[in-house]
Amino acid sequence: MSNLSITTLCNKRCAYCFAGDTRHEDRLPIFMSEEIYAKALDYLSLSGIKQVRLLGGEPTLHPSIIPMMDKAIKKKFSILLFSNGLIKKEILNYIEKIAVGDLTILLNTIHPLENNEKLAKQQRLTMQTLSSKVKLGINIFNRRQEYGYLLDYIDKYNLMREVRLGISHPLLEQKNEYLHPKFYSYIGRNIISFLAEAKKRQIKLGFDCGFVPCMFPVETYNLLGDMMKNTGKRCNPILDLLTDGTFISCYPLNNLKKIKITENTTSKNLIKEFKAELSIYSNYGIYNYCTECAFFKEKFCTGGCTAMKIRRLRKKQPR
Amino acid sequence: MIQDLTHKKIVIGDNVSWVVNDNNIVIVCKKTKEQFIINYPEAAIWDLISRHSDLTMIIKKMRIITHKTGIKKVDKLTKKTIQFWQVKKLIKAI
Chain X
0 MSNLSITTLC NKRCAYCFAG DTRHEDRLPI FMSEEIYAKA LDYLSLSGIK
50 QVRLLGGEPT LHPSIIPMMD KAIKKKFSIL LFSNGLIKKE ILNYIEKIAV
100 GDLTILLNTI HPLENNEKLA KQQRLTMQTL SSKVKLGINI FNRRQEYGYL
150 LDYIDKYNLM REVRLGISHP LLEQKNEYLH PKFYSYIGRN IISFLAEAKK
200 RQIKLGFDCG FVPCMFPVET YNLLGDMMKN TGKRCNPILD LLTDGTFISC
250 YPLNNLKKIK ITENTTSKNL IKEFKAELSI YSNYGIYNYC TECAFFKEKF
300 CTGGCTAMKI RRLRKKQPR
Chain E
0 MIQDLTHKKI VIGDNVSWVV NDNNIVIVCK KTKEQFIINY PEAAIWDLIS
50 RHSDLTMIIK KMRIITHKTG IKKVDKLTKK TIQFWQVKKL IKAI
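Heads up: the protein sequence lines correspond to chains X and E, in order. For what it's worth, numbering that gives the first Met the number 0 labels the leading residue of the first sequence as 0, then goes sequentially. For what it's worth, numbering that gives the first Met the number 0 labels the leading residue of the second sequence as 0, then goes sequentially.
Just so you know, the hints here were simulated from the structure itself, not pulled from any lab data. Note that the coordinates shown come from a computational prediction; the quantities given were computed from them, not determined experimentally. By construction, the Cβ of each residue, glycine as well, lies at the ideal position given by its N, Cα and C atoms. There's no promise every hint is true.
[To be verified] Sample of chain E residues with no beta-carbon within 12 Å of chain X, all distances over it, derived:
1) Val27
2) Met56
3) His66
4) Lys71
5) Lys72
6) Val86
[To be verified] Simulated crosslink set (DSSO-like; lysine-lysine; CA at most 30 Å straight-line):
7) Lys298(X) x Lys87(E)
8) Lys271(X) x Lys256(X)
9) Lys7(E) x Lys91(E)
10) Lys256(X) x Lys30(E)
11) Lys75(E) x Lys314(X)
12) Lys29(E) x Lys271(X)
13) Lys259(X) x Lys232(X)
14) Lys7(E) x Lys257(X)
15) Lys29(E) x Lys174(X)
16) Lys314(X) x Lys79(E)
17) Lys88(E) x Lys257(X)
18) Lys298(X) x Lys267(X)
19) Lys88(E) x Lys274(X)
20) Lys298(X) x Lys29(E)
21) Lys257(X) x Lys30(E)
22) Lys117(X) x Lys174(X)
23) Lys72(E) x Lys88(E)
24) Lys296(X) x Lys181(X)
25) Lys256(X) x Lys88(E)
26) Lys181(X) x Lys228(X)
27) Lys29(E) x Lys314(X)
28) Lys88(X) x Lys117(X)
29) Lys274(X) x Lys32(E)
30) Lys134(X) x Lys87(X)
31) Lys32(E) x Lys271(X)
32) Lys120(X) x Lys88(X)
33) Lys32(E) x Lys181(X)
Construct the entire structure; sequences and hints are all you get.
As structure tokens, then:
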């Protein structure tokens, strides 16, 4: 798995945005060049990865998004487009014509509480137009968030019957809204209610990184079923390629280590290098009791998000 | 080189950070990419250093904290631990 961040531009300002560090103060080129994109496709082929995952910013704001998607499809990749759904008509029409199976849009919805009818309307148009190509996602950054509306959208617009749940993680150098681990068990209980409702409607849930088993009540592990399998182990290098052709382990850890793409780069080598870099944070977790937890001791859980672990580190205090 | 730390202030080294857990302290050195897991009673020594105690004070407090162990044993443990951390550049005297 690798994500190609093809632009730093975005037409939405999400408080939890994990790409904030890279979008700030012109640190990176706004758009990924054709040359780097070509290298990125070669890297994916060399690594045996069959999916091009495009993200940003908002990837559809890249002026060459259509030729870029064309190129990927011609090379027999499937496309996963991470989008906020605020997509120009011309691009929407292009995506509509792509065969189902060749492209999926992972759409982070505008929460009804955001109260932005103009954007919500545009997003609804995207869901209506692309229906079965759209998978809904949500980043949980606030314990007051509700998720029930996602299930209604899926039924109403005939979307993919799966929801991806993500937790917002902290950036190391900038402020963003993120979910503090002290709220995890509260969120865990909310997710269980949501899961019960989703199951009734035959909608699957999937977890992104950072979820930990202890956020769910033990008696609900059966209900979670396969979702529990890797729940505590999902903090691995994701491998995000930035617009300037450098790889980072993931957005929240973008300041730790960067590796330039070359013609010999493979995901296997990158993972090895990033894992070595992150290994110094492997002996503790996001809570002070992680080191005593059976899940952690038995390696069923790695202790949560590394960015969150790094935030726990204390440094020398001035005298 | 091991400095004589008697009557000197001991501080945490550069590039060193740590996390306090319920049952241990994990120390991370970004420069050398090493990590150390310190259990108690050594973790108490680290805690005292992080609170800017000098060696005399650390030994005094360690005698109280580990009151069940013989004084000589405590002093030896404290000095040996501090020496090891000094070699590993986790702490330094100022």
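Each hint tested on the structure:
1. Val27: violated (5 Å)
2. Met56: About 15 Å separates Met56(E) from the closest Cβ of chain X, which puts it past 12 Å; holds.
3. His66: holds (25 Å)
4. Lys71: Answer for Lys71(E): holds, closest chain X Cβ roughly 31 Å.
5. Lys72: The claim stands: Lys72(E) keeps its Cβ more than 12 Å from every Cβ of chain X (closest is about 26 Å).
6. Val86: About 18 Å separates Val86(E) from the closest Cβ of chain X, which puts it past 12 Å; holds.
7. Lys298(X) x Lys87(E): holds (28 Å)
8. Lys271(X) x Lys256(X): holds (13 Å)
9. Lys7(E) x Lys91(E): holds (10 Å)
10. Lys256(X) x Lys30(E): Holds, at about 13 Å.
11. Lys75(E) x Lys314(X): holds (27 Å)
12. Lys29(E) x Lys271(X): Roughly 18 Å separates the two Cα atoms, so the pair holds.
13. Lys259(X) x Lys232(X): Holds, at about 27 Å.
14. Lys7(E) x Lys257(X): Judged against 30 Å, a Cα distance of about 40 Å means the pair is violated.
15. Lys29(E) x Lys174(X): Between Lys29(E) and Lys174(X) the Cα gap is close to 23 Å, so the pair holds against 30 Å.
16. Lys314(X) x Lys79(E): With a Cα-Cα distance of about 23 Å, the restraint between Lys314(X) and Lys79(E) holds, given a limit of 30 Å.
17. Lys88(E) x Lys257(X): holds (27 Å)
18. Lys298(X) x Lys267(X): holds (22 Å)
19. Lys88(E) x Lys274(X): Roughly 24 Å between the alpha carbons, so the hint for Lys88(E) and Lys274(X) holds.
20. Lys298(X) x Lys29(E): holds (24 Å)
21. Lys257(X) x Lys30(E): Given that 30 Å is the threshold and the Cα spacing comes to 16 Å, the pair holds.
22. Lys117(X) x Lys174(X): holds (27 Å)
23. Lys72(E) x Lys88(E): holds (24 Å)
24. Lys296(X) x Lys181(X): holds (21 Å)
25. Lys256(X) x Lys88(E): holds (23 Å)
26. Lys181(X) x Lys228(X): holds (23 Å)
27. Lys29(E) x Lys314(X): holds (11 Å)
28. Lys88(X) x Lys117(X): With Cα atoms ~15 Å apart, Lys88(X) and Lys117(X) stay inside 30 Å; holds.
29. Lys274(X) x Lys32(E): Holds. Lys274(X) to Lys32(E) sits at ~12 Å (cutoff 30 Å).
30. Lys134(X) x Lys87(X): Status holds; Cα separation ~19 Å.
31. Lys32(E) x Lys271(X): holds (15 Å)
32. Lys120(X) x Lys88(X): This hinted pair holds, its Cα atoms lying about 13 Å apart.
33. Lys32(E) x Lys181(X): holds (29 Å)
In this structure, the hints that do not hold are numbers 1 and 14, in rising order.
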